[in-house]
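Let the sequences and hints guide you as you build the complete structure.
Sequence lines, in order, name chains A and B. Counting in our numbering, the first sequence runs from 1 upward without gaps. Counting in our numbering, the second sequence runs from 1001 upward without gaps.
It should be emphasised that the hints constitute simulated quantities derived from the structure, not laboratory data. It should be emphasised that the depicted structure is a prediction, and the values quoted were computed from it without experimental measurement. We put the beta carbon where it would ideally sit given N, CA and C, even for glycine. No false leads were mixed into what you were given.
Here are some chain A residues the structure puts well away from chain B; computed CB gaps all over 12 Å:
no.: 1; residue: Lys23
no.: 2; residue: Thr96
no.: 3; residue: Asn171
no.: 4; residue: Asp196
no.: 5; residue: Asn216
no.: 6; residue: Ser229
no.: 7; residue: Asn237
no.: 8; residue: Arg242
Example chain A residues on the side facing chain B (calculated, C-beta under 7 Å, incomplete):
no.: 9; residue: Glu35
no.: 10; residue: Ala137
no.: 11; residue: Val145
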Amino acid sequence: MNFRLKIWRQKNRQLPGKLADYKVNDISPDTSFLEMLDILNEDLLQAGEEPVAFDSDCREGICGTCSLTVNGEAHGPDHPGAVCELYMRKFRDGDTITIEPFRVGAFPIVKDLVIDRSALDRIVQAGGFVSARAGSAPEANSIPVPKQDADLAMEAAACIGCGACAAACPNGSAMLFTAAKVSHLSFLPHGRPERDRRVLKMVQVMDAQGFGNCTNTYECEAVCPAEISASFISKLNREHGRAQLRRCMGE
Amino acid sequence: MIGALDPKIPPGPLAQKWRNHRDHVRLVSPNNRRKFEVIVVGTGLAGGSTAATLGELGYQVKCFCFQDSPRRAHSIAAQGGINAAKNYQNDGDSVYRLFYDTIKGGDFRSREANVYRLAEIANNIIDQCVAQGVPFAREYSGYLANRSFGGAQVSRTFYARGQTGQQLLLGCYQALCRQVAAGTVRMFPQTEMLDLVIVDGQAKGVITRNLRSGKIERHAADAVVLASGGYGNVFYLSTNARGSNVTATYRAYKRGALFANPSFTQIHPTCIPVSGDYQSKLTLMSESLRNDGRVWVPKRKEDRFKPPNEIPEADRDYYLERKYPSYGNLAPRDISSRAAKEVCDEGRGVGPGGRGVYLDFADAIERLGESTIRERYGNLFEVYEKITGEEAYKVPMRIYPAVHYTMGGLWVDYNLMSNVPGLFVIGEANFSDHGANRLGASALMQGLADGYFVLPNTLPNYLAGQMRKRPSPDCPEFQEAEEIVRARIEKLLKVNGTRSPDSFHRELGLLLWDKCGMSRNENGLREALRKIPELRVDFWRDVRVPGDEEDYNQSLERAGRVADFLEFAELMCVDALERDESAGAHFRDEHQTPEGEALRDDENHAAVFAWEFQGEGRPPKLHRESLNFENVHLAQRSYK
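In structure tokens form, the structure reads like this:
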């Protein structure tokens, strides 16, 4: 298969970037999208040009490192899945493919297709944890957890932290990311003691990082490689409202 | 000079060693802890859990990872589960059994005392992870669920769908985040360790490079903990993440730390087969699939091109069930991998290139229904479909072994300290607990045991004697190490040849897979030992690294790692040649039983082989640590 590529090239955060045109030929349909970029980079290196910088690590859809917008869609056309799980058989021979980084105000561009997502770490640092000291945990089966709660917690916890939700959102909102963590921990009895504090602080830091608000467009859910449901956003809102109310009541 | 290797195993009966040891090690009082700085390299299960725990205890921790966030370390990709001897199933499990299975699974090439401690701590890990909010699978009763894994006859594996590693790592990452917010841990993401600094014979710091800015930095500390993972990517194609590398441990080796059993590399039996020349990695299909999937190939060669559904039952060879009736499809990894290679070598392999065997769920779907199978393994089936375009509910999966885990690593004593005082090594980066073969669901167990429970108890024993001994990063040792790092980067950028770092890496990988992969022999290893230095010469003459050093330069990053793999590969082959026996994953063609199983030589090789760097171009020096088995009987492993 042959493809024309339009790829975002940007030297660094300060300098402006632009789309540049490339061609790749004789690509097997069983090649992954990122392997296709590896092949392009090999060609560029041979031609004495600088390869395109892009992030990836596990290449099996779990580490959340890869972060490309393909033809305007976060992670490309094969949902659900990260762009590392996208295969060239999903395109037509001769297609022109536009490749850009995730475009979110809170994720500055580092170089070419590489972005800085440390804002997501800061949201978790604000409270996305259970303060359980190693050594003080009780016997694991001492607190039974209803299966449906454990399953819901797992559904929310499956988030891979890639940031596609924010990239797909017209407002650049990280609500789905934050909602997933808040929901995961509040479904479990072990997360309840810190429930109010957690949601208030995480939302506060999320806002401070410059992410936008949720206006229920559901674009986040559509691109999420881990299929996190947007219903967790309602859960986040309920948790937040509840915590605020309890705080107002002086509880 | 290194004297006799002392593993520092505490005295006393096996089951009391760890407790006795903790009763007698030195401690650091709460007020003094903040005066100590500890460097942790890596944020996977071992590094992340130890950094969080040390921070919680009050030490000042500097934590480094090459990924853009600590949550992306490769532990995240572990699928199947984590073992513990809780005996929730009432199926006869016990700490002793978990210990015995692990030491037997490792083909009697690990230390009794370390493995027993691991089995003992495993239960605490499950408690800890549940308390952190890890959403393990549960039964309708609300209690924790278990499943079986290879090499065990009990169900002791705890799991979170097919994403157990992810959930355990996020538990540790969240604990780490809490410490970052508390100010006890400083995170340095996208930062790679390029050298270890030794001052007065003790590990006192590292030289790092910020991958984004290219900035080289010196970091001094009171102790250094390496948790930088395994070196499976020396084979180029493996199930490891693209960035996983040997650099941190190899540079420590070049500074005098001993590298133990480098040839013990695990080939995982259930991966998606290789499909093309430009493939960048291999994807694992969790071993847990073998609970319900049956492995087979056609009995006759000529059937291998037939669609699998058209091959009648009578013409199928369920070779694992045939050869190992009591463990069947759950035979340990090394044995299952070799059995797959064997049937493919006989020409009965399926799929393109004949390098594949079927993993068939038809029986399980008929017995349990598709929805149960979907619930258990749905995400794995989806991954399989994305990569191959096939639906495993309808046609059997095709699988083939791939490099997955490395049992070898830096040598450590019972305290997890290397022979270099102050240098601790934990998780996959050390050699200690899995012998010559790791059982499934044991890597997560070891990473977290080391990080949450062992190191936080053994590190103070060293630190207690190190008060006010932290050197200044301006001292000559740091200066020298930084100069070496800079010179090497400059050298890489100056070659300006014609080939990419990856092209050399691929070539190295093919050579190793062929000569030092699932089976090895003297001729092949000697050939590899001849070819690797030639390839290294080519690399330094012809590699092309575009761009400059003060920039986010991914080619430079890769080139540095490939250069280390090119040296390390030789050490691996030297070790494989020296170990003139078969043991676990190390299978020497010359040493096999009449049935083709690994034949150990306990008389001469019941030992750890630890290698000391002797300078560029000189062969490494071997140190042997004898393994003494006082509690288990060294038996020929049998899973029949």
